[in-house]
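Visitor: Use these hints to put chain B onto chain A, whose structure you have.
There are 2 protein chains.
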Amino acid sequence: MGSRRRARRDNKRERPSCVAPAYVKRQIPYYEFLDEEGLVKLEQQADWLIQEIGLEFRGDEEALRIWRAAGADVSGTRVKLPSGAARELCRTAPSQFTQLARNPQKSVEIGGTSQVFAPVYGPPFVRDIEGGRRYGTIKDHENMVKICTQLPSLHHMGLVICEPCDVPVSKRHLDMLYNQIRYNDKPFLGAIINRSCAQDSVDLMRVLFGPDVVDQHCVIMGNVNTNSPLLVDKVVTEAARVYCAAGQGLVAVPFILGGAMGPVTTAASIAQALAEAMMVCAFTQLVRPGAPFILGNFLSSMSLKSGAPTFGMPEPVMSNLIIGQLARRLNVPLRCGGALTASKLPDAQSAAESADSMLSTVLGGANFVLHAAGWLEGGLVTGYEKLVQDADRLGAYQVLLSGLPVDENALARSAYGEVEPSGHFLGCSHTLSNYETVYYDAKLSDSESFEQWEDRGSKDSARRAYERWNRLINEFEAPALDPATHEAVSAFIERRKRELPDAWY
Amino acid sequence: MGSRRRARRDNKRERPSCVAPAYVKRQIPYYEFLDEEGLVKLEQQADWLIQEIGLEFRGDEEALRIWRAAGADVSGTRVKLPSGAARELCRTAPSQFTQLARNPQKSVEIGGTSQVFAPVYGPPFVRDIEGGRRYGTIKDHENMVKICTQLPSLHHMGLVICEPCDVPVSKRHLDMLYNQIRYNDKPFLGAIINRSCAQDSVDLMRVLFGPDVVDQHCVIMGNVNTNSPLLVDKVVTEAARVYCAAGQGLVAVPFILGGAMGPVTTAASIAQALAEAMMVCAFTQLVRPGAPFILGNFLSSMSLKSGAPTFGMPEPVMSNLIIGQLARRLNVPLRCGGALTASKLPDAQSAAESADSMLSTVLGGANFVLHAAGWLEGGLVTGYEKLVQDADRLGAYQVLLSGLPVDENALARSAYGEVEPSGHFLGCSHTLSNYETVYYDAKLSDSESFEQWEDRGSKDSARRAYERWNRLINEFEAPALDPATHEAVSAFIERRKRELPDAWY
Chain A
4 MGSRRRARRD
14 NKRERPSCVA
24 PAYVKRQIPY
34 YEFLDEEGLV
44 KLEQQADWLI
54 QEIGLEFRGD
64 EEALRIWRAA
74 GADVSGTRVK
84 LPSGAARELC
94 RTAPSQFTQL
104 ARNPQKSVEI
114 GGTSQVFAPV
124 YGPPFVRDIE
134 GGRRYGTIKD
144 HENMVKICTQ
154 LPSLHHMGLV
164 ICEPCDVPVS
174 KRHLDMLYNQ
184 IRYNDKPFLG
194 AIINRSCAQD
204 SVDLMRVLFG
214 PDVVDQHCVI
224 MGNVNTNSPL
234 LVDKVVTEAA
244 RVYCAAGQGL
254 VAVPFILGGA
264 MGPVTTAASI
274 AQALAEAMMV
284 CAFTQLVRPG
294 APFILGNFLS
304 SMSLKSGAPT
314 FGMPEPVMSN
324 LIIGQLARRL
334 NVPLRCGGAL
344 TASKLPDAQS
354 AAESADSMLS
364 TVLGGANFVL
374 HAAGWLEGGL
384 VTGYEKLVQD
394 ADRLGAYQVL
404 LSGLPVDENA
414 LARSAYGEVE
424 PSGHFLGCSH
434 TLSNYETVYY
444 DAKLSDSESF
454 EQWEDRGSKD
464 SARRAYERWN
474 RLINEFEAPA
484 LDPATHEAVS
494 AFIERRKREL
504 PDAWY
Chain B
4 MGSRRRARRD
14 NKRERPSCVA
24 PAYVKRQIPY
34 YEFLDEEGLV
44 KLEQQADWLI
54 QEIGLEFRGD
64 EEALRIWRAA
74 GADVSGTRVK
84 LPSGAARELC
94 RTAPSQFTQL
104 ARNPQKSVEI
114 GGTSQVFAPV
124 YGPPFVRDIE
134 GGRRYGTIKD
144 HENMVKICTQ
154 LPSLHHMGLV
164 ICEPCDVPVS
174 KRHLDMLYNQ
184 IRYNDKPFLG
194 AIINRSCAQD
204 SVDLMRVLFG
214 PDVVDQHCVI
224 MGNVNTNSPL
234 LVDKVVTEAA
244 RVYCAAGQGL
254 VAVPFILGGA
264 MGPVTTAASI
274 AQALAEAMMV
284 CAFTQLVRPG
294 APFILGNFLS
304 SMSLKSGAPT
314 FGMPEPVMSN
324 LIIGQLARRL
334 NVPLRCGGAL
344 TASKLPDAQS
354 AAESADSMLS
364 TVLGGANFVL
374 HAAGWLEGGL
384 VTGYEKLVQD
394 ADRLGAYQVL
404 LSGLPVDENA
414 LARSAYGEVE
424 PSGHFLGCSH
434 TLSNYETVYY
444 DAKLSDSESF
454 EQWEDRGSKD
464 SARRAYERWN
474 RLINEFEAPA
484 LDPATHEAVS
494 AFIERRKREL
504 PDAWY
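Chains as they are written, first to last, in our numbering: chain A, 4 to 508; chain B, 4 to 508.
Here chain A stands alone, though its shape is the one from the complex:
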């Protein structure tokens, strides 16, 4: 067994990710954390917020017109709906949909028992153990696209794996979309920072997939945040009007730091997040009934020492589990959680917080998990090492989600015919016929003897991760892209870059 294995390890080429499933089909039960009474109270609170307090919709007259046309109580920019009405509007949102990738083998199902993992989104800084902490560049973005597209436990690419801060803000979306198209064949997100960026994203998909495919399928999604508490600005409504009007997806995510953008008690912040996301879902269904929608949730706790956000703490762990229950009751796909941490470094704090955050995300049944890899420092930094460390653990969660077989082979009665009490199972035929597939092979986990480990340089997890991501970049081969498509995509991007001003804010 030893030598066969050694041969595989010395063969440094990664297995191509296309042999891995494009996404995870959950085969384990949900963990029903909160009881029926508690769930009903949270739903009633969300309804109460929508009916009695209402949400502000600011900066987009067309959004208010849409609400008025639907019969909402609109007073100035305040929108209220009678209890139950928002939930009723959400009923046309699909419980499950497919986002196509340009490689059909990598298209993902979103919703139901599918779980899809994507890397961190949005950090302006990057960090690696040799280069330290610095602003992200378009080269970093390209590197990270190349890394993530090769990691089989990442099924979706997000978009802004880091902010390319060396490119004008007005043009970043085009360069990032280029990287996602050129170096990757998994699905990804579009831009949302303003209406024109959103429109560019959808238009570019028409170039990549052809307009008919885009008309009939979800090929891209926008991911937007409400301005908690209870404010929805035009970034959200315009993105909805671009993406959903084109039949594309929208992920709407209340980001609530408890005690700041929502009440300090977790239950209240969960209910507020439900109210906000439900109202955006209702809005998308007014824009286009049946538009793909993902109910988002991002709750964070707070340090009592500094008022700074904390991550991986027990309160968001509970909220991941509970929002999962609420989303299933609403029958829409859920985005929540991720491998979150406040730590600056890919150290023990980072890993512990990320693990608790991510395991509860997985158990909670999140269908689309942004920030599943690479997140450091409260989302300000993308860690190169953290990307591959997290991906390694995501593979473990994927195994967990597949459940435990209890069939005849798993019960192994025949092995007890070969192995007497006090014997050992290493050489028995049941072991030999099962050992290659039976345990998760964590690429970054060291389990060698102390002496072997010392001989190989006493490397810690971060050092091994550094070597791995460098190897992934060095060995990268871009997935095939039809030259004519590449030319059309490039031409679109060049044209839009000429048309747009160089704006840095």
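None of these hints come from the bench; they were simulated from the model. Treat each hint with caution, since some may be false.
[Stated by the list, open to error] Capping the alpha-carbon separation at 27 Å, the derived lysine-lysine pairs in DSSO-like fashion look like this:
#1 B/Lys-83 to B/Lys-308
#2 B/Lys-237 to A/Lys-308
#3 A/Lys-44 to B/Lys-28
[Unchecked claim] Which bits of chain A does chain B cover? Going by a derived footprint, with three or more residues having C-beta under 8 Å, they are:
#4 117-123
#5 341-354
#6 446-453
By construction, the Cβ of each residue, glycine as well, lies at the ideal position given by its N, Cα and C atoms.
Guide: Relative to chain A, chain B alone:
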């Protein structure tokens, strides 16, 4: 808020641990991972093993005599029971019992919804970031007792927090018991390596608590491993005959590395572990019906690269959840899991593996968790930093186990009277009256700004943990111990040391 908080941080004294609960009362639902059909299959497999294969009981004629007297099918050293008989014998084992501590406030309930955390047990080596890896000494053991007794998230002390390798094997148990009695007032375990050590442990408790208390209460427990597969040696049966005969507790733990001491498939190893632990439970109840017993389970997966044990992988995560279900069906307290890792260092691998291992232990409902803090390198090393890192996370799990309040205060409707949409909740009265208690305060987690963190020396988790455990040792004050009791304990230990030879194996 900031200055009040800062005052607390600068006051470096830890809050005394006696304000923390002595153990955790679980208030969240169990996660029912495996379905009824799967559970029944595992139970039937355990019954099949006991009836058709049988267990070896070697080296203790008295154990065989006890089995024969109970009507078991004993052939040579092989003991078989008809299907269901072992489970029937287990019925007299209490579903819940109390282990007294010498400080009554720190006595623990074991079983039911109680969950009790204890540090690592047994590593011959210790490690800290300044001193590196080295053999443990009795001074290390004393240090670790002083650290653990101050950590409020550790409710029980185990015994061998590290092996004191500078003390003769024949006398180690006496020095370790002395440290546990002198520097600690939480409950702890007794020695088991041979009958005389076990007897010393119980006898010493008679000195510490008085013989009447020991006759009527569980004040100490022995923790023993079966010799998987399906072998129970005299260490186990003699420990049962000493501890249980005296009305004290026994923890019996099959340690199964899948593919070596059990079949390579997890389901089979779970069933085998159930069979082994159930047979030891049955044996304890033959020794003394009603003797406190904890059903143990220690399953590990294997590296496909080296055949070495791995930890924190998805297969043991599942087995923690499933063995919890099986133990509840048997209605006996459960020991399983811990904060396990194969990592050599308190790094990201260590923390990720420990987190997944421990969170599943917690969700699985383990009643007694040895190895909940300090474990490194597959159990060969106790990490000083790891002890306090793990304890910090145990505090988070304790909060998780207490569940999420969804009452009027938690729903915070009044806050929306003070805070308008798009406002913020930082200064509102609901936040002010709740913020001090509402979020877990993780002592070792850094959530400062990057600049603050850099100003304070850019310390990683291990460095902060190093500072914390040193502070705990420097500030240690031994809990009060009646001088006459101390004298009697010392006299007992001195006498036994004179009587025992200096043996090093």
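Visitor: Which of the numbered hints are not met once you compare them with the structure shown?
Guide: The structure conflicts with hints 1, 2, 4, although it agrees with all the remaining ones.
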